[in-house]
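Here are the chains, one letter per residue:
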Amino acid sequence: MNPKLIMRILSQTDMKTKLRLAKVIPKLGSGDEIAKCMLCPNMCLYACPVFDAERRLTVSPSVKSRIAYFGGNEAIYHCLPCDACKENCRMEISVNDSLRKLRNGKYGDKIDGWLKKISKRTEERDGRILYFPGCRTFEFGLFEKNVECLEKLGIDFALTSEIVCCGMPYYEIGDKRYMEYFSRLKKVASGYERVISSCPHCVSVMRELGIRAEHLLTVLRPLKIGGTVSYHDPCLMARKLCLVEEPRDFLKACSLEIAEPAFSKKQTACCGYGGVYRLLYPENAEKIAERRRKQLEFEVVTACPACSAALRGKDLAELLLEVL
Amino acid sequence: MSRVLEELKSAGIAFSTDYEDLIAHCKDFNPLHQLKLIEKKTPALPEVVVFPKSIEEVSEVLKIANALRIPVYVFGGASGVIDSATPYEGGIALSTLGLDWIEIEEENRTVTCGAGVVGGRLEKILNHRGYSLRHIPQSLYCSTVGGWVATASSGQFSTGYGNIEDLIVSLKAVLPNGEILEERKTPRRAGVDLKRLFVGSEGLFGVIAEVTMKFFELPKESVKLSFEYDSIESALEDAKRFLSLKPALMRVFDDEETLRYFDSEAFSMIAIFEGNGAKESGMIARSISKGKEVEGYTDIWLEKRFDVSDISKIGVLGFVFDTIEVSCFWKPAAKLYRAVIEAIRRVEGTVTASAHASHFYESGLCFYFTFAGFPANAEGYYSEVWKRAIKASLENGGNTTHHHGIGRLRRAWMGEEFGSFLPLLKELKFLIDRNNIMNRGVLQ
Ligand SMILES: Cc1cc2nc3c(=O)[nH]c(=O)nc-3n(C[C@H](O)[C@H](O)[C@H](O)COP(=O)(O)OP(=O)(O)OC[C@H]3O[C@@H](n4cnc5c(N)ncnc54)[C@H](O)[C@@H]3O)c2cc1C
Ligand code: SF4
Chain A
2 MNPKLIMRIL SQTDMKTKLR LAKVIPKLGS GDEIAKCMLC PNMCLYACPV
52 FDAERRLTVS PSVKSRIAYF GGNEAIYHCL PCDACKENCR MEISVNDSLR
102 KLRNGKYGDK IDGWLKKISK RTEERDGRIL YFPGCRTFEF GLFEKNVECL
152 EKLGIDFALT SEIVCCGMPY YEIGDKRYME YFSRLKKVAS GYERVISSCP
202 HCVSVMRELG IRAEHLLTVL RPLKIGGTVS YHDPCLMARK LCLVEEPRDF
252 LKACSLEIAE PAFSKKQTAC CGYGGVYRLL YPENAEKIAE RRRKQLEFEV
302 VTACPACSAA LRGKDLAELL LEVL
Chain B
478 MSRVLEELKS AGIAFSTDYE DLIAHCKDFN PLHQLKLIEK KTPALPEVVV
528 FPKSIEEVSE VLKIANALRI PVYVFGGASG VIDSATPYEG GIALSTLGLD
578 WIEIEEENRT VTCGAGVVGG RLEKILNHRG YSLRHIPQSL YCSTVGGWVA
628 TASSGQFSTG YGNIEDLIVS LKAVLPNGEI LEERKTPRRA GVDLKRLFVG
678 SEGLFGVIAE VTMKFFELPK ESVKLSFEYD SIESALEDAK RFLSLKPALM
728 RVFDDEETLR YFDSEAFSMI AIFEGNGAKE SGMIARSISK GKEVEGYTDI
778 WLEKRFDVSD ISKIGVLGFV FDTIEVSCFW KPAAKLYRAV IEAIRRVEGT
828 VTASAHASHF YESGLCFYFT FAGFPANAEG YYSEVWKRAI KASLENGGNT
878 THHHGIGRLR RAWMGEEFGS FLPLLKELKF LIDRNNIMNR GVLQ
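Top to bottom, those sequences are chains A and B. Sequential numbering from 2 applies to the first sequence in the numbering used here. Sequential numbering from 478 applies to the second sequence in the numbering used here.
Hint data in this document are derived by calculation from the structure and do not stem from the laboratory. Fair warning: this is a prediction, and the values are worked out from it, not measured in the lab. Please note that a few of the clues may not be correct.
As the list claims (entries may be wrong) - Calculated pairs, DMTMM-like style, for lysine to aspartate or glutamate (alpha carbon to alpha carbon, straight line, at most 20 Å):
{"hint": "1", "chain 1": "B", "residue 1": "Lys790", "chain 2": "A", "residue 2": "Glu88"}
{"hint": "2", "chain 1": "A", "residue 1": "Lys87", "chain 2": "B", "residue 2": "Asp784"}
{"hint": "3", "chain 1": "A", "residue 1": "Lys5", "chain 2": "B", "residue 2": "Asp707"}
{"hint": "4", "chain 1": "A", "residue 1": "Lys295", "chain 2": "B", "residue 2": "Glu600"}
{"hint": "5", "chain 1": "A", "residue 1": "Lys87", "chain 2": "B", "residue 2": "Asp787"}
{"hint": "6", "chain 1": "A", "residue 1": "Lys17", "chain 2": "B", "residue 2": "Glu861"}
Unchecked claim - Facing chain B, a subset of chain A residues (Cβ under 8 Å, in silico):
{"hint": "7", "residue": "Leu22"}
{"hint": "8", "residue": "Met39"}
{"hint": "9", "residue": "Met44"}
{"hint": "10", "residue": "Glu75"}
Ideal Cβ positions, reconstructed from N, Cα and C, are used throughout, including at glycine.
The shape of chain A in the complex, shown without the other chains:
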């Protein structure tokens, strides 16, 4: 706070209040994020995809914080790792980050069942750079396509069947099994120069674990395609990896015109398939996806396996494969 303003305020305040203030002023700026968010009038409400689809104040950012503060244990799972709140918050609060700490893994078995169903053994292949597809690349049938695209582009990459998922789904719901996944991922990644992944969430998790990780985009080569597409910014790609202009430059280099929707770049709108929301509340996730689809006028191109499935669009590698 401006020192002149503090002096001015103090000169106008009565003595009793001044004494009370003396005790509290050192605490200014402190206070946990859940409480601060609970006291906010929901200034990011308009951007929250979960609220927008469910149309319940209960799952709006500030109210979820209120419910968390009161010890509630359901609305705190109605969240996506999209960080639309953080992007629109003057205190840069990520509601999902705050709520995650309070989740106790109550949906762990659901995640377990799902992960078992989609897990697939891949071929082993040597190389300096590891291509780590991540669970959703398998789930949405993009693994083979991505591999084919990398091969056709002549990119040297390694594959391992040692690990299918980075552990994010467990991490999101507060199931301690994520630790096992994280440490396995770190161990596997340490054998390579760096890791590439087609999933922005995997890249972001790996970076948080100190792994040198890049999005697949960084190794792809543009090819002449032509036409107009709607580019959908995956939330984590834009907000965590800060890859906003790079995918656009890539598409332009493919001779594609880009139609921007009302919500784009860092102000993108989530597709609903992020994190584990779709596994816990499939109908609501579909609603979010449907709303986002309506905003996208042309064929959708994106850079995340979950987004491309939700929006019935094409992932970058899929797009290139068409002309390879």
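Following the hints, complete the assembly by docking chain B with the ligands onto the known chain A.
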């Protein structure tokens, strides 16, 4: 209540009695409620929350409630600050958020939307097409279109484009007995403007279900000016002079707010001129101003205008923070400003009291006072500040509210505000809501 639940079920209307949904509908944004939350207390709790998705479903809910005489509290974004829809008697919390359709009629420059559409989303969609509502309350991102009408809301650009009542073309509403009201849409008509009954009605006469509003082209040209003054009088005089140039936005800040926003101890004014002729208006404004022109204050304000993080930062420490907006004619304005600031500062516990003038009319303006206190007894302090501030406003030619509304917070001064119109309001309420089910205790 079990009858209500049975009937809602057979009507196929979504509802919830889940504790988390009840907590979500326990209050509006009145500061005393915030203090309760910190203590993990709910100011009130409804017995059920209903989520109608269409006007017909709203009608069904009200028919059920009316037949069983169950109180109904209408919830939009719950950003209201006047303790209005707080469900003190339990009953039904009716959420309008499921009414969320948007139809843009580009040729007519109108948009028709469900009452539960969140303002920020609507504005963003319009912006994408090159338009704007130009109704930009600070709560744009957390309030609903229905809430704007129900509270007679006012936006930051009201000086140029008008308040919500000037921007509504038509609306649909549902009366407490479930009857759906709809009028022929038209740019203007003579005769009694009955839809105006719902502007500022705070849920008293039923549910505003759909609103048709005007919108404007996003201005291609704009000129931003800022000035400093040595007194509130000279700043207000300039504001009055500028009005003939039709500014889109003007704000006069007192010395404390100028210090807070712009790190200067003078009084100040920012002004924005928009659209064709903005440059010329800006040039004339410069030439007629008696202030000292300064650089960049408008941009600083534009950048900070939605930042309310201080509410949370000081709120968690137990500070009491609120705003009081009143309107007055030009003549008593400066005197009223001083009297209200003085009245607030005199209450023990006050840490800061400041003001800006934010909405201007040919005949007068709105003063928006902000206060924060760190008292030993929050409730006592809060009620004392309000009593003294409103008294000072009324005694100095001001009124009791410009755009936040009455709710329960300002009930005590309704006689002063409405004069001999007040009995008419009570009669209208009785006529429209025989069983007094809607927002009991609000505006009455
Ligand atoms: C940080 C902040 C800034 C603000 N800035 C402004 C500002 O610049 N200008 C301004 O005018 N106000 C402002 N407000 C006050 C508030 O945002 C407005 O009053 C807003 O119009 C309320 O809309 P809402 O959807 O949140 O309504 P709610 O708070 O949900 O409801 C307000 C009242 O209207 C009734 N109501 C709501 N919807 C309907 C409906 N569809 N039919 C019938 N009754 C209904 C409710 O029962 C209640 O009585 C601000 C508030 C905050 C917290
Ligand atoms: S995340 Fe930030 S802007 Fe959103 S409700 Fe919480 S405090 Fe407010």
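Against the structure, the hints come out as follows:
{"no.": "1", "hint": "B:Lys790 - A:Glu88", "in the structure": "holds (18 Å)"}
{"no.": "2", "hint": "A:Lys87 - B:Asp784", "in the structure": "holds (13 Å)"}
{"no.": "3", "hint": "A:Lys5 - B:Asp707", "in the structure": "holds (18 Å)"}
{"no.": "4", "hint": "A:Lys295 - B:Glu600", "in the structure": "holds (17 Å)"}
{"no.": "5", "hint": "A:Lys87 - B:Asp787", "in the structure": "holds (16 Å)"}
{"no.": "6", "hint": "A:Lys17 - B:Glu861", "in the structure": "holds (17 Å)"}
{"no.": "7", "hint": "Leu22", "in the structure": "holds (6 Å)"}
{"no.": "8", "hint": "Met39", "in the structure": "holds (6 Å)"}
{"no.": "9", "hint": "Met44", "in the structure": "holds (5 Å)"}
{"no.": "10", "hint": "Glu75", "in the structure": "holds (6 Å)"}
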